[in-house]
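Just so you know, the sequences run in chain order R and G. Just add 3 to the spot in the first sequence (first one is 1) and you have this note's numbering. Just add 2 to the spot in the second sequence (first one is 1) and you have this note's numbering.
Among the hints, erroneous ones may be present.
Unchecked claim - Beta-carbon label-pair distances, calculated as ranges:
#1 G:GLY107 <-> R:PRO218: 44 to 52 Å
#2 G:PHE210 <-> R:LYS210: 38 to 46 Å
#3 G:ILE398 <-> R:ASP78: 12 to 20 Å
#4 G:LYS113 <-> R:LEU376: 26 to 34 Å
#5 R:GLY191 <-> G:VAL292: 49 to 57 Å
What the hints assert, rightly or not - So the derived list for chain R, only partly shown, Cβ under 10 Å to chain G, looks like this:
#6 GLY42
#7 LEU121
#8 PRO152
#9 ARG160
#10 LEU185
#11 ILE230
#12 THR258
#13 TYR270
#14 TRP280
Hints are computed from structural coordinates only; laboratory data are not their basis. Keep in mind it's a predicted model, so treat the numbers as computed, not measured. Quick reminder that beta carbons are idealized off the backbone N, C-alpha and C, glycines included.
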Amino acid sequence: MSTNVDAIVIGAGIHGCSTTLHLCLAGMKPVLIEKDYAGRHASGVNAGGVRQLARHVPEIPLSIRSMGIWEKITDLVDDDCSFESNGQVLVAENEDELVACRARVAELNALGFTHEELIDAAELRRLVPAVAETCPGGVVSRRDGAANPAQTTTAFRRKAEQLGATVREGVAASNIRYNDGLWHVDAGSESFAAPVLVNAAGAWAGKIAADLGEPVPVETVAPMLMITSRVPHFIDPVVILRGRKLSFKQFKNGTVLIGGGHLATPYQDRNETVLDWKSLATSAQTVFELFPVMRGATIVRAWAGIEAKMKDDIPVFGPSSRHKGLYHQFGFSLHGFQLGPGAGAVMAELIVNGGTQTRVSDLGIDRFHPSTL
Amino acid sequence: MSVAPKRENYDVVVIGAGPAGLAAAATSAEAGLSTLLLDENIGPGGQVFRAISSTPVTERNQLGADYWVGADLVQSLRASNAEVIQRATVWSLDRNLDIAVSIGGASAFVKAKRVILATGALERPFPIPGWTLPGVMTAGAAQTMLKSSGLVPDGRTVIAGQGPLLWLLAAQILRLGGRIDRILDTTQRGNYFAALPHAFAFLTSPYFAKGLSMMREVKAKVQVVSGVTELAASGDGQLASVSYVAGSKRETIPADLLLLHQGVVPNVNLAMSAGIEHRWDDLQLCWSPVLDASGNSSVAGIAIAGDGAGIGGANAAVVRGRIAARAAVEALAPAAAAKLPAMATLRSDLAKAERGRVFLDTLFRPAPQFRIPSGDTIVCRCEEVTAKGVLDSVAIGATGPNQLKAYRRTGMGPCQGRLCGLTVTELMAQARGKTPQEIGYYRLRAPVKPITLAELAAVPKSEADVKAVVRG
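Only chain G is shown next, with the shape it has when bound in the complex:
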């Protein structure tokens, strides 16, 4: 069942129903603002709380206590007057706060006084040799199947990469009876030392105890190889084996499934297409929007909350959602802001939720060889452009990702750079001896997600255009 938005104009439109979006929409609606929450999935929760209202996994311990926090957020959203539309794909947002959204194969346009983007994160590309083979997938994709359908791997499975989510996924797979043959940890040894100065904050954060016990739980059941410095998948049209180097030892192991993960990065496509300014974050190695303390972006009226504002995790996302919503309430209905938690309280909640983040970012900063590929390794999957292809174009004059389009079709396929953008920026920066900030990123445009020609043809046209056609 699909439902079009009830109105054409809203005080606040929140995009994305993960932790930040759920909190933002509930806060905004509780304060009496007309609020629309648009979310792409079949149910609320985003990736962290995916399928929170429908998961077949009922043993609460298997997905962990943190997962079920999502149920409370959904509860308070449902208790509010917010209008919520699921399976609603926002495909255009511009600086006039005009929003185009596809719901059940039909597009509608709505306008907001304030937009809160809570579009979350994407997994960082992991361009190793063979990463495009069938049988290689991201840990996030595996987690989606696990949460929404209770599906876990039963063939020979290797997990490679690093970061908190990798260990969480491994623990979830094992608890649900899935198979993991080996974990290849790519965390750079030097990162442990680099992260040390930030360890105190981490030790006093809630992540510490949870993370440690999860790693212990996994290591008790699976062989973990640490210090992996090289990684390749191979097979003839299908993954057959994974080879790696750890220390001075090279090993090849047979595998049916390779799950790759080296952290998440802000999902910038919608924000960038709206013209919001982003800067390169050299610690998190990604583009992050330029925001003020309330999450307001460089485009008037658009705020960003959650991991899309810079990776901060689910707890921080919830608070950022509340902060962005409170700022919207202060602007649109100042009197109603009084009944919401004070901004100072929210900011101190945020500081608490962000404790330990620098430690995690430093420890799990991915190694260059796993971010910047070479030779025949594919960079752009949609158009099958290799690292060598990009470097050859740089050699004859391509200066940045947009200029590269005059030479290769990188970023011009269906994914619009989601899977290659960071790789192209870093690869070109390295080749030209510049910073990623200087090299820049693809200019992103709507539709942020493809829509069919038939769907676009069916939208209501403006008066002027109808006349223009008749006049010829």
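The shape of chain R in the complex, shown without the other chains:
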């Protein structure tokens, strides 16, 4: 016996939770199936950057849409998600990098995007007083900021359930099949059927797509992060470097999160990652050079979350090119957290209305498989 619902969402990361929540807001009754628990992987353990800065052009409209939701996040999920908006700053460490920054901002302006703003050395120093004297400038996106990823994903999950979603955690979606106009998915001893299936399974989504005849060039990665003991407050915005792999953020409690995309080795089947300390040492050295105030801080913990990275670094987002009622939402390639709230809203529009005002057409799976529908 299967339970009939309006939609089946696989994966309770920020994307699956957000889509489930927005489907509820549109009056649907979805089920959300998660093999572990909401936010167990990348969505709960990423750097929490809420960033429009330095994005690939095809995903900027979705990012801007999402930013509007972030700024009213409490209205949506009854939780502030620890969202704070102190801007994100991209630091150019030399003149060559500043030239590249200038070209980037000009390119965006030509396309009509104004969220990135070129800054000189004086403004950089004003925004990030601790930055090394030699840095000539950079780019700021002033509305950007950061949030607590575990708190955020949990809040989306909780609100979706309050609005009527069925949430199943600790059971893997299996035996996915389509017949008589309905998608059927098993979850433990239960079975669900719905006209709509959303594949938001993160690092596990590529296999689901491939099993349904839509393989895409995707790999599983595990970007590493580390957090320090508390140090006196010295920085407000999130800082990323133009030329080196580093992102940097100080929380209200004084702890500092250091990231930047160095990768651990993922053991996806075991939900495990093995850290690469020699790479983390590179990040530590960069921080050591740029922020002398950090030299005495201690590293309290390091970790990595498992996620999907596309070969072209752009997510797979939108309807299947092969199957009616199937939608993909994965492959966010180390920068999906900020997109979550907006992507859920847009996905619900695609499902409920069959279209959206937000330009997402460059993100479709049809860039790999011409549509046969």
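Using the hints, position chain G against chain R.
What follows is chain G alone, placed relative to chain R:
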């Protein structure tokens, strides 16, 4: 003086120089395997034989004959070819048997064919109201000062809790001329009956006579209150008094120092961070690694010996160390195993050393009210999270210790759950009507002990990373 490891690769790396680690390293090195023993303290011995090579306490009777057994273990280690590095803090171990170790402020990486974890035990958290006040400390911390510096309390001192170590510490303090005003014994009365069926094994174990004479020695000099069912420390920024209930009587006594102890539990941080599977032990009320008869864990190449394998005491730890080392020798140099004591002999030694353990575990199984706090009692000291705070989060959806991090910062501070982990698991299990096994534990990650950013920045980088940086 700090010395970096002489090589990058070893046959066997032993972590921890307590009874298990000393025995394991000596056995492995005697069989000709290249062996490195890494230990965090300034000298070998672990907690049981702390400062065995340097203690200022020379009157052997004061620390007891069992303590001096450690000297023989150190002797045989020194006679072997094992490389020993003290003040060496292992801060990362992974399933590839890559080890990161901090020695004198600089980190080095070594790789092993086999790792024997002998990281011992920690004192069980004792979260009563006021346990975070200055003036309240663990019995273990007091014992550390006693062994390494000969320091004993001289103010008004109360010892509260239960277990063999509590009586040992009390006896050691008294022999060294220290002051104890009262001992508050929290052993549950019902435990005496529960333990009775296991009493025969205990009566024939070496613990029995020793334990009895130690308790008699202490009771002759100190007022002991048994059957204590409630306990609280109070004071304004500093411990001033201890109140307790025994029978129907509530009493408050002034105190300058309160020493708390309700047994020890395996120190799981390094093992769990390496991905080793643990199960909840409902008798010992703690997480214990899943091990085979030779101490091999779920991660290929890593064995665990000593109290980290499940609390068994010092005698069992020594034998477990020898067993784990013999298994490593059998795997890496089978021919050399012949000159070591036979596995069957070691296993029978272990059975002997473990006699009476079930009795002790049953008798000294701590009462729920001393493990699972309520109200404003602090659970997580690093982030100052109360029991009520945890329960409020459970009420709105937190299902386990890792999920709780989305609501509170429990376990995310410098101690990484050492002081709150068991409490959080049991508190959440009780609140949700689940077993601790179902609730689970924090996912632990390296660094298992904090290292400075400067130290990490200084380690040698891999070739690929150096290139990545240049390329940008």
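Right, here's what the structure says about each hint:
Evaluation of the 44 to 52 Å hint for GLY107 (chain G) and PRO218 (chain R) yields a pass: the beta carbon distance comes to about 50 Å. One distance hint, 38 to 46 Å for the beta-carbon pair PHE210 (chain G) and LYS210 (chain R), is violated here, with the actual separation near 60 Å. ILE398 (chain G) and ASP78 (chain R) have their C-beta atoms about 19 Å apart, which keeps the hinted 12 to 20 Å range intact. For the pair LYS113 (chain G) and LEU376 (chain R), the beta carbons lie near 53 Å from each other, so the given range of 26 to 34 Å is not met.
At roughly 25 Å, the beta-carbon separation of GLY191 (chain R) and VAL292 (chain G) lies outside the given 49 to 57 Å, and the hint is violated. A distance limit of 10 Å between C-beta atoms decides the matter here; for GLY42 (chain R) the minimum to chain G is near 7 Å, and the interface restraint holds. Below 10 Å, beta-carbon pairs count as interface contacts, and LEU121 (chain R) has none with chain G, the closest being about 19 Å; its hint is therefore violated. For PRO152 (chain R), the shortest C-beta to C-beta distance to chain G is roughly 9 Å, which falls under 10 Å, so the interface hint holds.
The interface hint given for ARG160 (chain R) holds, since its Cβ lies 8 Å from the closest Cβ of chain G, which is under the 10 Å cut-off. At about 31 Å, the closest approach between the beta carbon of LEU185 (chain R) and any beta carbon in chain G exceeds 10 Å, and the interface hint on this residue is violated. Using the Cβ-Cβ criterion of 10 Å, the hint placing ILE230 (chain R) at the interface with chain G is satisfied: the shortest such distance is roughly 8 Å. For the restraint placing THR258 (chain R) at the interface with chain G, the shortest Cβ-Cβ distance is roughly 9 Å, inside the 10 Å limit, so the hint holds.
The beta carbon of TYR270 (chain R) comes within 8 Å of a beta carbon in chain G, closer than 10 Å, and the hint placing it at the interface holds. For TRP280 (chain R), the shortest C-beta to C-beta distance to chain G is roughly 6 Å, which falls under 10 Å, so the interface hint holds.
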